[in-house]
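Novice: Chain by chain, the residues run as shown.
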Amino acid sequence: MPAASDLPTSAARAPHWTSRLALLGHALPWVIAIVYYFTADYYLSFGTQVMIWILFAMSLDLALGYAGILTLGHAAFFGVGAYGAGLFAIYVSPDPLLGHLAAIGLCAVLGVVTGAMVLHTTGVTLLMLTLAIVSVISEYANQANDLTGGDNGLQGMKLAPIFGRFEFNLFGQTAYVYTLIVLFIWFLIAWRIVHSPFGRSLDGIRQNPRRMRAIGTPVWWRLLAIYTISGAMAGSAGALSAHSTSFVGLSVLNLLTSGIVTVVLILGGVRRIYGAFIGATIYFVVQDYTAKISPFFWEFVVGGMLIATVLFLEGGLMDIGNVVRRLLRRRHGEEGR
Amino acid sequence: MLSFALTVLLDGISYGMILFLISVGLTVTMGLMRVVNLAHGSFAMIGGYVAGYITQRGGNFYVAALAAALAAALLGALAEVTIYRPLYRKGELSQVLLTIGIVFVMTGTITEIFGAFPYPVVFPDYLTKPIDIGFREYPGYRLFLIAVGAVVAAALWFLVENSIYGARLRAAVDNARMARAVGMDVSVLFMGTFVVGSALAGFGGALGAGILSLEPSYALKYIVLFLVVVAVGGEGSFQGSFVAAMALGIIDTVGKYFAPQAAAYLLYAAVFLLLLWRPKGLLPPKSVA
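Line order of the protein sequences matches chains L and S. Each residue of the first sequence is one higher than the one before, counting from 1 in the working numbering. Each residue of the second sequence is one higher than the one before, counting from 1001 in the working numbering.
Calculated from the structure, these hints are not laboratory results. From a predicted model like this one, the values you see are computed outputs, not experimental measurements. Using N, Cα and C, we set each Cβ at its ideal position, and we do this for glycine too. Fair warning: there could be bad hints in the mix.
Stated by the list, open to error - Computed list of lysine to aspartate or glutamate pairs in DMTMM-like fashion (alpha-carbon distance at most 25 Å, straight line):
1. 1221/S - 139/L
2. 1256/S - 151/L
3. 292/L - 1215/S
4. 1256/S - 319/L
5. 1090/S - 203/L
6. 1256/S - 139/L
7. 292/L - 1174/S
8. 1221/S - 151/L
9. 1090/S - 314/L
10. 1090/S - 151/L
Said to hold, decoys possible - Chain L stretches covered by chain S per the calculated footprint, using a threshold of three residues with CB under 8 Å from any CB of chain S:
11. 113-127
12. 230-243
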């Protein structure tokens, strides 16, 4: 793991000209997203999917990356958010914004309840409990056939236009812009959290919970807070996924979903707020290609990516500059000798 | 009524024996090296597929079960040396990621070779027939599982409690640094334990194929169960994993008999309550107690 202290604040402390460069860097992903909108044609829904997973991975980064909560259960939030938004559209109101908020609220409640149940444990036990939560929810979604459609998935959502004007259409322009705006809002929230004293205390809790408790941090409450926020965010990603495709499949509650979001996060780099952007983009481009070869091969590739990242690229792709620099320096040092 | 209760109990115990066979290696290696190994279920899966491959071609079932153990042991040794060793010094997160990566790779590979459908192990005729046990007829396969599980558990118990290897193992689990300081080679000890644990998993995967059916998603599907045994029993605790496996086997079976719809919830509810009561598991070793 790279030392945490030199990661998020380095831009703020940097000298003047680099901070301007950094500003350009900050604008880059959003510029790309806007350019993509005008150039993508039929691939627009691909971009929507990538952004949804950026959001999902960012939520995991808050809990797993910053606070160090060892969870493989984030599929639960994504799935509950997706089913929540879908069911809301069918049974309560077709308004997508209302449904989205309802899904977020539902996942926040789920976060508080499950967080209270699991956060007093650590390590393997915590991991097992988060897995168990996904299993239980997925089991319920499978059994409650009448409500969720079981194996066939949840169909028949009829969404009203956003603000009564922007209709979800076949080419997915509305879904794309909608997702982009939601992602941007969450990005600002995440950015604020990470750079707040609260965010710094999470950093401390990850590195040494005992010492943080000793200096008076309410560790358990902080963890519960970030777990809930992260859950709400993941639920928001789930709701976006339900709204943009008008479909929710049982596979959102699969362990593989947790696995994929972890790959996306790790591939980009943990505790780099832009890591999720790179990770999701690379991952889905690779997935798009390999799934054409064979659907099983794709699972193989997910696993391979995980192993390779852990063994050779611990800081993720965001860290690749440092890795190359270190290699060069080593070569340089050897030549000098 | 009594005979019904006994039947449920036997079902639960035979199921628990399989959980024990597969999980005991996991619990000891986790206690010893503090490595979060999510790939343990893949060793059981490999064992099961090896046994299935041999028996489907008319091979002897016992030979197949031993071959399964051997294959899993070899693979375990290879994985320990190449992949796990660099992992011990890394954090939990890296361990989780890498081992779940192994699970995905295994799942993909097995699907590619054997297909996505369940893959049966062919048991000998006399095991598939019911046997008269006094008050009713009972599947011989389940009795066989109980017998084998009991023998293995007794042998392991003897090994852990009464041999010099067991004494070293217990010492290293309780305090690995001190064990190193007095001259024990903990990494060799660990490798041995890892290989034995993998072999038992492969053996358990082969024998238990009648209960935990073999399919490519096996390693992912049942890992929660194996982790439950580890967490409930207490990391590194040999006796704990036996007690936990039996308890979980019986609770799950009772649940499936009386409330099939709610069985999964019942099991996990029991686990949650148990861990609220004892967060370190039922019988944690001294190092974590």
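Novice: Compare the structure with each hint and give your call.
Specialist: Cross-check of the supplied hints:
1. 1221/S - 139/L: holds (12 Å)
2. 1256/S - 151/L: Holds. Residue 1256/S to residue 151/L sits at ~22 Å (cutoff 25 Å).
3. 292/L - 1215/S: At roughly 23 Å apart (the allowed maximum being 25 Å), residue 1215/S and residue 292/L satisfy the hint.
4. 1256/S - 319/L: violated (50 Å)
5. 1090/S - 203/L: Roughly 18 Å separates the two Cα atoms, so the pair holds.
6. 1256/S - 139/L: Roughly 14 Å between the alpha carbons, so the hint for residue 1256/S and residue 139/L holds.
7. 292/L - 1174/S: It is violated: about 51 Å lies between the C-alpha atoms, which goes past 25 Å.
8. 1221/S - 151/L: holds (17 Å)
9. 1090/S - 314/L: holds (10 Å)
10. 1090/S - 151/L: violated (39 Å)
11. 113-127: This one holds; 7 residues, not fewer than the three required, reach chain S with a Cβ under 8 Å.
12. 230-243: violated (count 0)
Hint compliance for this structure: hints 4, 7, 10 and 12 are broken, all remaining hints hold.
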